[in-house]
Amino acid sequence: MKRQLTCIICPRGCALEATVQDGQVTVTGNACQRGAEYAVSECLHPVRTVTTIVKVANRENTMVSVKTETPVPKESMAEVVAALRKLSVAAPVAVGDVIAENVCGSRIVATKDIT
Amino acid sequence: MTNHDIVVVGGGPAGMAAAVAAYDAGCTDVVILEREPSIGGILMQCIHNGFGLHKLGQELTGPEYAAVYAKEVAKRGIKVYTETTVTKVTEEKEITAQNREGILKIKAKAVILAMGCRERSRGALNICGSRPAGVYSAGTAQKLVNCFGYQVGKKAVILGSGDIGLIMARRMSLEGAKVEAVCEVMPYSGGLTRNIVQCLEDFGIPLYLSTTVVRIHGEKRLEGVTIAQVDEKRQPVEGTQRYIPCDTLLLSVGLIPENELTRLAGIPIDPITNGAIVDENCQTAVPGIFACGNVLQVHDLVDYVSEEAERAGRAAACLTTDTQSIALETKAGYGVRYVIPQVIRSREAGAELFLRVTAPFGKVRFVVTDGEKVLHTAKRLKAAPGEMEKLTLKPEMLKAATGPITVSLEVMA
Ligand code: SF4
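These protein sequence lines map, in sequence, to chains G and E.
With my numbering, you'll find the first sequence wraps up at 555, consecutive numbering, no jumps.
With my numbering, you'll find the second sequence wraps up at 840, consecutive numbering, no jumps.
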């Protein structure tokens, strides 16, 4: 099976063609190795980095932005956001602080400093 | 009135990078004036990832990218005035700003304009209909959702397929809203392909090209929009109208460089870019005033904003630290009739000096000095007015020179 993909790893957005045969993926059109890795993962088990926000309990109207430290399965994106909506943290928070240990298989880390 | 070497207007990605680069180029008296409570600019609400791959070699979210530069600013002790709005910049490089303490007046040797851009609003589009709540510019909605945690709506239509619109389509979907459609008046999308894939295709959101919103419905709150296809002249095609019920309309219909201060300073603006006219160092037509980042041209990638701003910062520092930008005069000293060139402007490539002596000499030594300091010497077995002499000055000899550069001759025993 052939699949046309657009690499989302960097803004260059290479047009990739992936051929899947017996669980083996061959990729053309990628300008770098990361594109090939993306196509393989996209065909076999697509993943995404999820970025969202978590409430800062002790600051008025303040949210801290967070991300999954590693990409999670594409189908669990909404689950990550929903799980994190229930959380709250206390400031101060620094970039890189771990907000949750395991949500859908990834650690959740802060991406913003809240002083 | 206080004095500073360089004043940077705006503490977003352009302002931060310019200030850091200026500092590193030798100008330590740099201040940043920022109207928000913290620096970082628009990056602080761009919580998605994809920043920094080109410039920093890693994929960061917007706030993380900003934090990298904010740290560099802090490390250098660069003074930042937050919640400080600049209201005026003059050709003489006098800046008027306002904050809680009152009015601030600063006289600068160089000014770097880094005010960024703002979104085109509904008013610029002339969409028919009522004026209900629920119509936002995409960036405003982004700030409400990502910084304050508000839900802006439950059922949305997005007009414009620029990157902010696409990013917000994903963001609202993840927050549980249903994004009914993204409409783009042009026959192609204005956003990066990767954003169409990961923001629309991932969520099954349709993108309608050559389509626009022709009417807004609703009294207090938006109830729906009418969309229609457009022809080559971007005029709605009769019979293609379709009503979509929704409570939210996001507009992602272009960015306008925020050049009010630039215009006020009498700086000429390019009618196409809506930014200042600049030279290769981002210097505007007013010497000593620079412009960089989205206030100069709307960029796709923040990485390029940082690079452009660094260029402006370095050039502004050169102006103030005086060593690089001052043209060096050359002079003929004892035994030398003239020196060509009479002025050295660019030092990076070094300089070749051509000269003739005043009379025939035997064994001599040419001495090139910068004030008291000897930059270079060259021996000759003989010298005569009929034979042109050439001396080569290396870039490092000129680097810290202040001029004039004098070439004279010493007779050797
Ligand atoms: S293949 Fe490499 S260069 Fe092309 S978009 Fe992907 S990461 Fe970027």
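Derived by calculation from the structure, the hints in this document are not laboratory data.
Honestly, I wouldn't trust all of these hints.
When the alpha-carbon atoms are kept at most 27 angstroms apart in a straight line, the in silico DSS-like pairs for lysine-lysine are as follows [unchecked claim]:
(1) E/Lys581 <-> G/Lys514
(2) E/Lys817 <-> E/Lys800
(3) E/Lys534 <-> E/Lys570
(4) G/Lys495 <-> E/Lys582
(5) G/Lys526 <-> E/Lys800
(6) E/Lys605 <-> G/Lys514
(7) E/Lys520 <-> E/Lys482
Covered stretches of chain E, as calculated for chain G (at least 3 residues, CB under 8 angstroms) [said to hold, decoys possible]:
(8) 550-562
(9) 571-579
(10) 666-680
No residue lacks a Cβ here, since even glycine has one placed at the ideal position from N, Cα and C.
Now for the hints, and whether the structure bears them out:
1. E/Lys581 <-> G/Lys514: holds, 22 angstroms
2. E/Lys817 <-> E/Lys800: holds, 20 angstroms
3. E/Lys534 <-> E/Lys570: violated, 34 angstroms
4. G/Lys495 <-> E/Lys582: Given pair lysine 495 of chain G, lysine 582 of chain E holds - Cα atoms ~23 angstroms apart, limit 27 angstroms.
5. G/Lys526 <-> E/Lys800: violated, 70 angstroms
6. E/Lys605 <-> G/Lys514: It holds: about 18 angstroms lies between the C-alpha atoms, which stays within 27 angstroms.
7. E/Lys520 <-> E/Lys482: violated, 31 angstroms
8. 550-562: violated (count 0)
9. 571-579: Answer holds; 5 residues pass the 8 angstroms Cβ test.
10. 666-680: violated (count 0)
When each numbered hint is compared with the structure, violations occur for hints 3, 5, 7, 8, 10.
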